[in-house]
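Engineer: If you want the building blocks of each chain, they are given just below.
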Amino acid sequence: MTATPQLSSADASIERFEKQTSRYGRNTMIIGLVLSLIGPIYIAFFSGLEITGSMVWVAFLAVAGTFGVLWIVEPLTYFPILGSAAMYQAFMIGNISNKLLPAAIVAQSTIGAKPGTKRGDLAAVMAICGAATVHLTSLLLLVGLLGTWLVSLIPAEITDVARLYILPSLMGAVLVQSIVAMKSLRPTVIAIVLALLMTFVFVPLAPSLAMFATAIVVICSTVFSWVLRDRKKTYTSES
Amino acid sequence: MKAQQIMAAGDPGSTDIWALANSPVLRLCALGVFAVIFVQCVLYKRAVKKAAPHVDMPLAEVKESFRAGAVASIGPSLAVVLVAIALLALFGTPAVLVRIGLIGSAAAETGSASISASTMGAALGGETYTQQVFGVAFMAMSLSGAIWMICTLIMTPLLKKGGNNLAKRNPAVMALVPTAALLGAFSALTIAELPKVQRPHDSGLHLRGHDGLVPLSGQDASAQMAEGMGVGYFHRRLDYCRLFLAYRLRNHHDCDTTTFQR
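Protein chains in written order, with this note's numbering: chain A, 1 to 239; chain B, 1001 to 1262.
Incorrect hints may appear among the rest.
[Unchecked claim] Here are some of the chain B residues that sit facing chain A, going by a computed Cβ distance under 7 Å:
| id | residue |
| --- | --- |
| 1 | F1034 |
| 2 | L1059 |
| 3 | V1098 |
| 4 | G1126 |
| 5 | E1127 |
| 6 | L1166 |
[As the list claims (entries may be wrong)] Simulated crosslink set (EDC-like; lysine to aspartate or glutamate; CA at most 20 Å straight-line):
| id | chain 1 | residue 1 | chain 2 | residue 2 |
| --- | --- | --- | --- | --- |
| 7 | B | K1160 | A | D11 |
| 8 | B | K1049 | A | E18 |
| 9 | B | K1045 | A | E18 |
| 10 | B | K1045 | B | D1056 |
| 11 | B | K1050 | B | E1064 |
| 12 | B | K1050 | A | D11 |
| 13 | B | K1045 | A | E15 |
| 14 | B | K1049 | A | E157 |
| 15 | B | K1161 | A | D11 |
| 16 | B | K1168 | A | E18 |
| 17 | B | K1049 | B | E1064 |
| 18 | B | K1168 | A | E15 |
| 19 | B | K1161 | A | E15 |
| 20 | B | K1050 | A | E15 |
| 21 | B | K1049 | A | D11 |
| 22 | A | K183 | A | D230 |
| 23 | B | K1160 | A | E15 |
| 24 | B | K1161 | A | D230 |
| 25 | B | K1045 | B | E1064 |
| 26 | B | K1045 | A | D11 |
| 27 | B | K1168 | A | E157 |
| 28 | B | K1160 | A | E18 |
| 29 | B | K1050 | A | D230 |
Quick caveat, the hints were computed from the structure, so don't treat them as lab data.
We put the beta carbon where it would ideally sit given N, CA and C, even for glycine.
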């Protein structure tokens, strides 16, 4: 895609898009946040369970000790890939790395757009809408309505297979697809080498690293790709 | 009497989690979250359709992106559904839908619940897993999820401003950063799967134990679970200890379908 002839109009409409989605995104996320808290507050404090504030605080602090860093690391990790509009969607829908990111990259490569570009951002937002539609429907039908009945039907083996093999097969396919779509040799090599080192050298040496493995690989690939970039090639911000 | 049926009447010492976890108030809140996400999708779709023609993106491509995203998410959604069903007995339908299906992920949320339960000297599933423990665990995981969202709300505008400034000063960075970040993320996520798949027996053992939740026989499982699940308890308790350890070792907010494997 070459530079658009009406650049100013494109910029203006993107700006409008970002303003709109930021407003929608922020508001819907705040409503979602409030709704997700009403349930537990009601259960914990208004249904006669004799739960005290200090019980909740202790439990919360223990959880924060484990996940606290991720609260900040995750938005940082996914922002460059998702773009600001999709951030509000992704962190409310959840299941980002196993579902939303693959959906976004598949859509971007389907229409030949790169992440971080305007078309890439729009494609990611649409892909996440598509993924959310499928996800909401399947959850509502299969878990919400039929869940208790399905529990009796699904043999444990099938759940095992799903847990074991769906994610790796998906990730493998998406990795290949993103390598093909990006067509940038150096970052690809850097990313794979770093991921291999992380999984087979650093994590076995220091298991506590596993929690941050993805974030560390993302940040290091970005830094190394920048430092070791091909300086003869000129990079443009448009796809 | 009627008011009591609508209002969840809790008993701190009872292990009948479902009596509380499936209360109508929770169901309504869960439906509310579904509705909010649905509304968000509709608004976003409209915004994209308006902006797309101005960036050389025909509407056909917009539709294609939607379809590609939908198709790509069928497999992962099914995996999430299966895991969610396996966890129904522990948290009840509404909590599973909101915490594991949406907002969070099985890994982060079950981990949070397990950690919370341990602060009360209890373990998920088992005689110590009372309504009170469930209440605290549910509260703690929801708070953790809420902070995740608050961080997103605070950081997204800041990151956007930073990105825009950087793009003006150095466009090459902005061309390279998303590419490198994406390749880094998928390399890390894919390669992290390698050691897991190499040891199917290892993980299988653990999973089978964990899946004491899902009865193999064709008996009426829901009745079994509502009763309190008898023998499976002890095994599950052991398993959740292991799950908890697995957590500390390999924790990913989102890697949900596989975190139980170790």
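Engineer: With reference to the structure, classify each hint as holding or not holding.
Structural biologist: These are the hints, each one checked on the structure:
The interface hint given for F1034 of chain B is met, as the beta carbon of that residue sits about 6 Å from the closest beta carbon of chain A, less than 7 Å. Because the beta carbon of L1059 of chain B sits about 11 Å from the nearest beta carbon in chain A, more than 7 Å, this interface hint is broken. Below 7 Å, beta-carbon pairs count as interface contacts, and V1098 of chain B has one with chain A at about 6 Å; its hint therefore holds. Restraint check, G1126 of chain B versus chain A: the minimum CB separation of about 17 Å is more than 7 Å; hint violated.
Taking 7 Å as the C-beta contact cut-off toward chain A, the hint placing E1127 of chain B at the interface is violated, the least distance being around 17 Å. Hint status for L1166 of chain B relative to chain A: violated, with the closest Cβ pair at about 10 Å, above 7 Å. Distance check on the hinted pair: K1160 of chain B and D11 of chain A sit about 15 Å apart at the alpha-carbon level, within 20 Å; holds. In summary, the hint linking K1049 of chain B to E18 of chain A is supported, as the alpha carbons are separated by about 13 Å, within the 20 Å threshold.
Annotation: proposed proximity of K1045 of chain B to E18 of chain A holds, straight-line Cα distance about 13 Å (limit 20 Å). For the proposed pair K1045 of chain B and D1056 of chain B, the alpha carbon gap of about 17 Å is at most 20 Å, so the pair holds. Taking the CA atoms of K1050 of chain B and E1064 of chain B, the gap is about 16 Å. The hint holds against a cut of 20 Å. Distance restraint check for K1050 of chain B and D11 of chain A: the Cα-Cα separation of roughly 13 Å lies within the 20 Å cut-off, and the hinted pair is therefore satisfied.
In summary, the hint linking K1045 of chain B to E15 of chain A is supported, as the alpha carbons are separated by about 16 Å, within the 20 Å threshold. Of the pairs offered as hints, the one joining K1049 of chain B and E157 of chain A is violated, with about 43 Å between alpha carbons and a cut-off of 20 Å exceeded. Only pairs whose Cα atoms come within 20 Å are accepted, and K1161 of chain B paired with D11 of chain A is accepted, the gap being roughly 15 Å. For the hint linking K1168 of chain B to E18 of chain A, the alpha-carbon distance of about 17 Å falls within 20 Å, and the restraint holds.
Proposed proximity of K1049 of chain B and E1064 of chain B is supported: the alpha carbons are some 12 Å apart, at most 20 Å. With a C-alpha separation of about 15 Å, the suggested pair K1168 of chain B and E15 of chain A falls inside the 20 Å cut-off, and the hint holds. Taken as a hint, the K1161 of chain B and E15 of chain A pair is honoured in the structure, with Cα atoms around 12 Å apart against an allowance of 20 Å. Distance check on the hinted pair: K1050 of chain B and E15 of chain A sit about 12 Å apart at the alpha-carbon level, within 20 Å; holds.
With a C-alpha separation of about 15 Å, the suggested pair K1049 of chain B and D11 of chain A falls inside the 20 Å cut-off, and the hint holds. A hinted pair counts as satisfied when its Cα atoms are at most 20 Å apart, and K183 of chain A with D230 of chain A qualifies at roughly 13 Å. A C-alpha spacing of about 12 Å is found between K1160 of chain B and E15 of chain A, which places the hinted pair at or below 20 Å, so the restraint holds. At roughly 27 Å between alpha-carbon atoms, K1161 of chain B and D230 of chain A are farther apart than 20 Å, so this suggested pair is violated.
Pair hint K1045 of chain B plus E1064 of chain B holds up; C-alpha atoms about 13 Å apart against a cutoff of 20 Å. Of the pairs offered as hints, the one joining K1045 of chain B and D11 of chain A holds, with about 19 Å between alpha carbons and a cut-off of 20 Å not exceeded. Restraint check: the Cα-Cα separation between K1168 of chain B and E157 of chain A comes to about 53 Å, which exceeds 20 Å; the hinted pair is violated. Simply put, K1160 of chain B and E18 of chain A have alpha-carbon atoms about 10 Å apart, close enough for the 20 Å limit, and the pair holds.
Between K1050 of chain B and D230 of chain A, the direct Cα distance comes to roughly 37 Å. Violation of the 20 Å bound is thereby established for this hinted pair.
The structure fails hints 2, 4, 5, 6, 14, 24, 27, 29 (numbered hints given earlier, in ascending order).
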